[in-house]
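Number of protein chains: 2
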Amino acid sequence: MKWGIIGPGNIAREFVNDLQYVKDEKCEVGAVLGHTYAHAKEFAHQHAGFAIKDINDLLTQRPDAVYIATPHPLHYDQALFCLENKIPVLCEKPLAINGKQVSGLIEASRKHNTFLMEGLWTRFLPSFQFLFNAIQSKTIGEILHVHADMSFIAEKDKTNRFFNPELGGGSLLDVGVYTIYLSYLLLGNPDKIFACGKVNESHIDETCGVTLKYDDGKYAMLESSIITQTQNNAWIYGSKGTIRVKRPWTEHPERIDVHIINAPTQEHYPSWQGRGFQYEIEDVIKCLRNNKIESRIIPHNASLDVVKIMDDVRSQLGIVYPHDE
Amino acid sequence: MKWGIIGPGNIAREFVNDLQYVKDEKCEVGAVLGHTYAHAKEFAHQHAGFAIKDINDLLTQRPDAVYIATPHPLHYDQALFCLENKIPVLCEKPLAINGKQVSGLIEASRKHNTFLMEGLWTRFLPSFQFLFNAIQSKTIGEILHVHADMSFIAEKDKTNRFFNPELGGGSLLDVGVYTIYLSYLLLGNPDKIFACGKVNESHIDETCGVTLKYDDGKYAMLESSIITQTQNNAWIYGSKGTIRVKRPWTEHPERIDVHIINAPTQEHYPSWQGRGFQYEIEDVIKCLRNNKIESRIIPHNASLDVVKIMDDVRSQLGIVYPHDE
Numbered sequence: 077m078k079w080g081i082i083g084p085g086n087i088a089r090e091f092v093n094d095l096q097y098v099k100d101e102k103c104e105v106g107a108v109l110g111h112t113y114a115h116a117k118e119f120a121h122q123h124a125g126f127a128i129k130d131i132n133d134l135l136t137q138r139p140d141a142v143y144i145a146t147p148h149p150l151h152y153d154q155a156l157f158c159l160e161n162k163i164p165v166l167c168e169k170p171l172a173i174n175g176k177q178v179s180g181l182i183e184a185s186r187k188h189n190t191f192l193m194e195g196l197w198t199r200f201l202p203s204f205q206f207l208f209n210a211i212q213s214k215t216i217g218e219i220l221h222v223h224a225d226m227s228f229i230a231e232k233d234k235t236n237r238f239f240n241p242e243l244g245g246g247s248l249l250d251v252g253v254y255t256i257y258l259s260y261l262l263l264g265n266p267d268k269i270f271a272c273g274k275v276n277e278s279h280i281d282e283t284c285g286v287t288l289k290y291d292d293g294k295y296a297m298l299e300s301s302i303i304t305q306t307q308n309n310a311w312i313y314g315s316k317g318t319i320r321v322k323r324p325w326t327e328h329p330e331r332i333d334v335h336i337i338n339a340p341t342q343e344h345y346p347s348w349q350g351r352g353f354q355y356e357i358e359d360v361i362k363c364l365r366n367n368k369i370e371s372r373i374i375p376h377n378a379s380l381d382v383v384k385i386m387d388d389v390r391s392q393l394g395i396v397y398p399h400d401e
Numbered sequence: 077m078k079w080g081i082i083g084p085g086n087i088a089r090e091f092v093n094d095l096q097y098v099k100d101e102k103c104e105v106g107a108v109l110g111h112t113y114a115h116a117k118e119f120a121h122q123h124a125g126f127a128i129k130d131i132n133d134l135l136t137q138r139p140d141a142v143y144i145a146t147p148h149p150l151h152y153d154q155a156l157f158c159l160e161n162k163i164p165v166l167c168e169k170p171l172a173i174n175g176k177q178v179s180g181l182i183e184a185s186r187k188h189n190t191f192l193m194e195g196l197w198t199r200f201l202p203s204f205q206f207l208f209n210a211i212q213s214k215t216i217g218e219i220l221h222v223h224a225d226m227s228f229i230a231e232k233d234k235t236n237r238f239f240n241p242e243l244g245g246g247s248l249l250d251v252g253v254y255t256i257y258l259s260y261l262l263l264g265n266p267d268k269i270f271a272c273g274k275v276n277e278s279h280i281d282e283t284c285g286v287t288l289k290y291d292d293g294k295y296a297m298l299e300s301s302i303i304t305q306t307q308n309n310a311w312i313y314g315s316k317g318t319i320r321v322k323r324p325w326t327e328h329p330e331r332i333d334v335h336i337i338n339a340p341t342q343e344h345y346p347s348w349q350g351r352g353f354q355y356e357i358e359d360v361i362k363c364l365r366n367n368k369i370e371s372r373i374i375p376h377n378a379s380l381d382v383v384k385i386m387d388d389v390r391s392q393l394g395i396v397y398p399h400d401e
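From first to last, the protein sequence lines are chains D and Y.
Numbers 77 to 401, taken from my numbering, label the letters of the first sequence in order.
Numbers 77 to 401, taken from my numbering, label the letters of the second sequence in order.
I should point out that these hints are in silico values taken from the structure, not numbers from a laboratory.
These numbers were taken from a predicted model, which means no experiment stands behind them.
Any given hint could turn out to be false.
Since the list gives no way to pick one copy over another, a pair counts as held whenever it fits inside one copy or between any two copies.
[Said to hold, decoys possible] Using 30 Å as the maximum straight-line C-alpha spacing, the simulated DSSO-like pairs for lysine-lysine come out as follows:
{"#": "1", "residue 1": "Lys322", "residue 2": "Lys214"}
{"#": "2", "residue 1": "Lys232", "residue 2": "Lys214"}
{"#": "3", "residue 1": "Lys232", "residue 2": "Lys362"}
{"#": "4", "residue 1": "Lys384", "residue 2": "Lys268"}
{"#": "5", "residue 1": "Lys234", "residue 2": "Lys316"}
Can you make the complete structure from the sequences, with help from the hints?
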């Protein structure tokens, strides 16, 4: 199959590199649309694709699916264009910057009967499969609470998208989304949300702490930052023990420790080829073959629920983007 | 000086053992009041003190100060008795089980001009001194957020005080208090408090997650449990780096890591004799010599502020003790 690439930056490079590891389907790069034509040409040249100058060129080139890896605020318009033209969409997280936009995309996916999925690629990694299998088989009993954090130190530079509200800056949408997804996938939609953090003069969050509370007593404490380095660990505490996914838990963790009360800690070292985008891609292929418009693993409502949690957090903290209007 | 001991259990044993390390003052065990006379006699015999049968016997024996280490709900009556009779009081945390009781004790301390201090002994340990010195000298810049947890697995047994509301059971008052104190001493009184956790059918918290939010964007995420084992680490995140006090952070930490951004991590290994009660005791002695009724390090208002935070948490979660009436 031919993958159209919108936003040929670093993430797209890794995505395309992992196409070689996809099982049961030969994947190639098709049309490439960049911020500039020069960018697109360079990327296309390296990956045996072909650059296009305008999103309308997709209508003649018609890739089997597009992968959108542009800055967050561009996702909505680009994904909508593809859906309206029946081009299947895999779009980087967050699917769009707010609930209204995500609802619009889901509506378009249904109306045009075209596949749409948020690219929460980490969910498909063998490390996450291991984690979810362990949780499902109640290895640590019932989940009691979750703690996860993710952060990095972004250079404080006006041209840096992380500090730019025009480009959907801040920690929440960029890395906090991973922590919220983890909790959401493990515990479901929270009953109460409490947000704290440092919001700067541009109204973007430099640090963000989110507590998700569940009426049955479960909770998640989630932290993200672009100005300080947290542990980048995830802990899932259960009635029989604890699982720790060790730094960096979202990607290729150093290891996964399973600690059952009164037993020695078991260490697990999941490994795989490349960065690991192939697992997400294989799920997309399976969905397309079965004429599904959404994935069972990251369904539409998951994207909507998660962005609504982030909308609530943003509303509590006063995180505002120009695109919210 | 002679220390009266009320509640001659395991903690009192460690306290008394550390008397030998106190500088500049010869400390001895005086009157010992136990749950039973047999208990008191055994303890007194081991530590060269003398058992008393009734709290009224303190009026004739008159120790220079008492150390109260009974279950939480007994603190109020015992401390009040001592204060009203001008016997200085060092009382284990929590000073009492709710704000009303703590206010009453502070009032009695002022009225009778008698020393009263909550025994937050860990604050005085060399490990904490190191931490607070590093924070004060801005080693990690301005504090951004704090994460601390403390937990242990208590045996689920009806006779176990941790699960007994009559004895002030639950994780919050027993170990959560340490995490709240840490945040309070570093960041002050929070502007908002959010609580979550698992409260059982006896209305005590088996797990407790507390978020303290400050209007300037700082926050603390604090966890405690008596049914699962958390990390027992404390992290203080700052604008220039992070300090991690490693398991068990409240007592004798394995080590303290100071990580400044873009520099190698510095490891510190504070050590001291005994369990470390001597540092708290030395502060009490200093206060008594200077005719102070409160310590500058753990002043009355700190105890009141912290218990009020816990009252708020309890009210949010529905943690109720019979003694609240």
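Tested hints:
1. Lys322 <-> Lys214: Intra 20 Å, inter 29 Å, cutoff 30 Å: intra and inter.
2. Lys232 <-> Lys214: For Lys232 and Lys214, only the inter-copy Cα distance (21 Å) is at most 30 Å; the intra-copy one is 44 Å.
3. Lys232 <-> Lys362: Result: close neither inside a copy nor across copies, 41 Å intra and 48 Å inter.
4. Lys384 <-> Lys268: So Lys384 and Lys268 pass the 30 Å test inside a copy (12 Å) and across (22 Å) alike.
5. Lys234 <-> Lys316: Between copies only: 20 Å across, 48 Å inside.
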